[in-house]
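A.B. asks: Chain by chain, the residues run as shown.
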Amino acid sequence: MENELTYKIDRENPSEIEAAIEVLLFAAGDPVPLEQLAAVLEIEKQKLLPFLRNMGATSMRGIVLRELNGCYTLSTKPEYEEYIRTLLEPHSKQGLSNAAFETLSIIAYNSPSTRAKVEEIRGVNSDSAINRLVEKGLIKEAGRMEVPGRPVLFEPTEEFLKSFGFTSLDDLPELQEE
Amino acid sequence: MEFVPSGAYSFKLEAFEGPLDLLFHLLEKNKINLYDIPIAQLTDQYMEYLFAMQELDLELASEFLVMAATLLHIKSRMLLPDKKLPTEGEEMDPREELVLRLIEYKKYKQAAVVFAAREREWSKLYFKLPELFQWEKRIIIEELSPIKLAITYNEVLKRNIAKMDKTVQKGIETIIATEKVTLRSKIRQVVRTLMEKAYFKFSELFSVKTQSRAEVVTGFMAVLELAKVRKVKLKQDGIYKEITVSRVEGSMNNGE
Numbered sequence: 001m002e003n004e005l006t007y008k009i010d011r012e013n014p015s016e017i018e019a020a021i022e023v024l025l026f027a028a029g030d031p032v033p034l035e036q037l038a039a040v041l042e043i044e045k046q047k048l049l050p051f052l053r054n055m056g057a058t059s060m061r062g063i064v065l066r067e068l069n070g071c072y073t074l075s076t077k078p079e080y081e082e083y084i085r086t087l088l089e090p091h092s093k094q095g096l097s098n099a100a101f102e103t104l105s106i107i108a109y110n111s112p113s114t115r116a117k118v119e120e121i122r123g124v125n126s127d128s129a130i131n132r133l134v135e136k137g138l139i140k141e142a143g144r145m146e147v148p149g150r151p152v153l154f155e156p157t158e159e160f161l162k163s164f165g166f167t168s169l170d171d172l173p174e175l176q177e178e
Numbered sequence: 001m002e003f004v005p006s007g008a009y010s011f012k013l014e015a016f017e018g019p020l021d022l023l024f025h026l027l028e029k030n031k032i033n034l035y036d037i038p039i040a041q042l043t044d045q046y047m048e049y050l051f052a053m054q055e056l057d058l059e060l061a062s063e064f065l066v067m068a069a070t071l072l073h074i075k076s077r078m079l080l081p082d083k084k085l086p087t088e089g090e091e092m093d094p095r096e097e098l099v100l101r102l103i104e105y106k107k108y109k110q111a112a113v114v115f116a117a118r119e120r121e122w123s124k125l126y127f128k129l130p131e132l133f134q135w136e137k138r139i140i141i142e143e144l145s146p147i148k149l150a151i152t153y154n155e156v157l158k159r160n161i162a163k164m165d166k167t168v169q170k171g172i173e174t175i176i177a178t179e180k181v182t183l184r185s186k187i188r189q190v191v192r193t194l195m196e197k198a199y200f201k202f203s204e205l206f207s208v209k210t211q212s213r214a215e216v217v218t219g220f221m222a223v224l225e226l227a228k229v230r231k232v233k234l235k236q237d238g239i240y241k242e243i244t245v246s247r248v249e250g251s252m253n254n255g256e
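One line per chain: the protein sequences are A and B, in this order. Residue 166 in the numbering used here sits at position 166 of the first sequence; the count goes up by one each step and never skips. Residue 121 in the numbering used here sits at position 121 of the second sequence; the count goes up by one each step and never skips.
The set of hints was computed from the structure by calculation and includes no laboratory data. The reader is advised that the hints may include incorrect statements.
Straight-line Cα separation of at most 27 Å, DSSO-like style, residue types lysine-lysine; simulated pairs [stated by the list, open to error]:
| no. | chain 1 | residue 1 | chain 2 | residue 2 |
| --- | --- | --- | --- | --- |
| 1 | A | K136 | A | K117 |
| 2 | B | K201 | B | K235 |
| 3 | B | K128 | A | K136 |
| 4 | B | K107 | A | K140 |
| 5 | B | K124 | A | K136 |
| 6 | B | K106 | A | K162 |
| 7 | B | K128 | A | K77 |
| 8 | B | K231 | B | K241 |
| 9 | A | K136 | A | K77 |
Assemble the whole structure, with the sequences as input and the hints as a guide.
C.D. replies: Written as structure tokens, this is what we have:
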């Protein structure tokens, strides 16, 4: 990329680097891959990481940086949620049912999974739970399994990571064994 | 899972996610060790629930009945040990498969609780939606001489001509082949349509998309042919007006 910019940040100045990261993530909204941040800012990935860490959840700012699957995005700090609620009175979100949470955990830990796999573990038809999760954007179709009938596979989405605070599927807590 | 006093049914039966969930409820209620399930007792309680559900006319998911059958099967196998198996050694416990399923299910049931808690916590976070960018794309202007432009233009023309030639050489036969419409197939189509309805408009014989001159001509010949053998009646109110094709009663029975 040829960057013909009229204003160039001082790459020796940490606060300016953080400011530039903030600007990019604010405008993008969607999570931005580390590679892209590095390319746009013309700073090596390794050098960028300490800044990203510094802007993370322990930062003193109200808007903090979150990592999702090697991408970065901004979010509000959870502690201040009630203030937001007082100001905006958002509609309370329709929660998920137990069935949906069970189904979601099965798909998250066995990604990608078929409907049959979910049903096998739960011992009950799970179509409506799966449909609900797809509708909420927490899981999505991920191709088909190459077995007779070619059943649809499902995997968790980035929205799932976002809503449950995981940076990636490797970040899931270990399943408790008996 | 709330405590259910013995002898009283919890009629929140729909709350059970399925037979495994119900079994868990029973195991927990009776503080039963998963690895030594008193299958007779569990089966009795499970059946009690099913009967209660039936009395309430609740629609029973078939999975509940399958589990009932499974429990009864295990129970009978516990009562009647398999004679064929050697008395010593690794005899498979009839309960094993069920226990393994329960353990597997329990893992995800617990994970679901963790997920629900995390979701509550993380729903307190707000993310910003992406900006809707409307700025213009940057146009890179290159220095070009008029001669370069003329050359490029000529090249494009030449390329187009070459492309046309290629289509003409190898493509033409297939184009005709795909458009082939036979009189016979059109007659069949008219007869089939008239078997479903008493009359139709000639223009309805073709969809707007597939309409080709060859198809319309063949279709027209088809209705003329059928009119000649008195299978259909044709009506047109004036020149260029819509042609109505209607069936002649009794003529469609002996097929085409």
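A.B. asks: Hint by hint, say whether it matches the structure.
C.D. replies: Comparing the hints with the structure gives:
Straight-line distance between C-alpha atoms of A/K136 and A/K117 comes to about 21 Å, which keeps the hinted pair within the 27 Å bound. For the proposed pair B/K201 and B/K235, the alpha carbon gap of about 10 Å is at most 27 Å, so the pair holds. Restraint check for B/K128 and A/K136: satisfied, since their Cα atoms lie roughly 18 Å apart, inside the 27 Å limit. Using a Cα cut-off of 27 Å, the hinted pair B/K107 and A/K140 holds, with the two alpha carbons roughly 23 Å apart.
A C-alpha spacing of about 17 Å is found between B/K124 and A/K136, which places the hinted pair at or below 27 Å, so the restraint holds. With a CA separation close to 25 Å, the supplied pair B/K106 and A/K162 stays within the 27 Å bound. A threshold of 27 Å between alpha carbons decides the hint, and for B/K128 with A/K77 the separation of about 13 Å falls inside it, so the pair holds. Under the criterion of a C-alpha separation no larger than 27 Å, the hint pairing B/K231 with B/K241 is consistent with the structure, at around 22 Å.
The suggested pairing of A/K136 with A/K77 holds, with an alpha-carbon distance near 23 Å, which does not exceed 27 Å.
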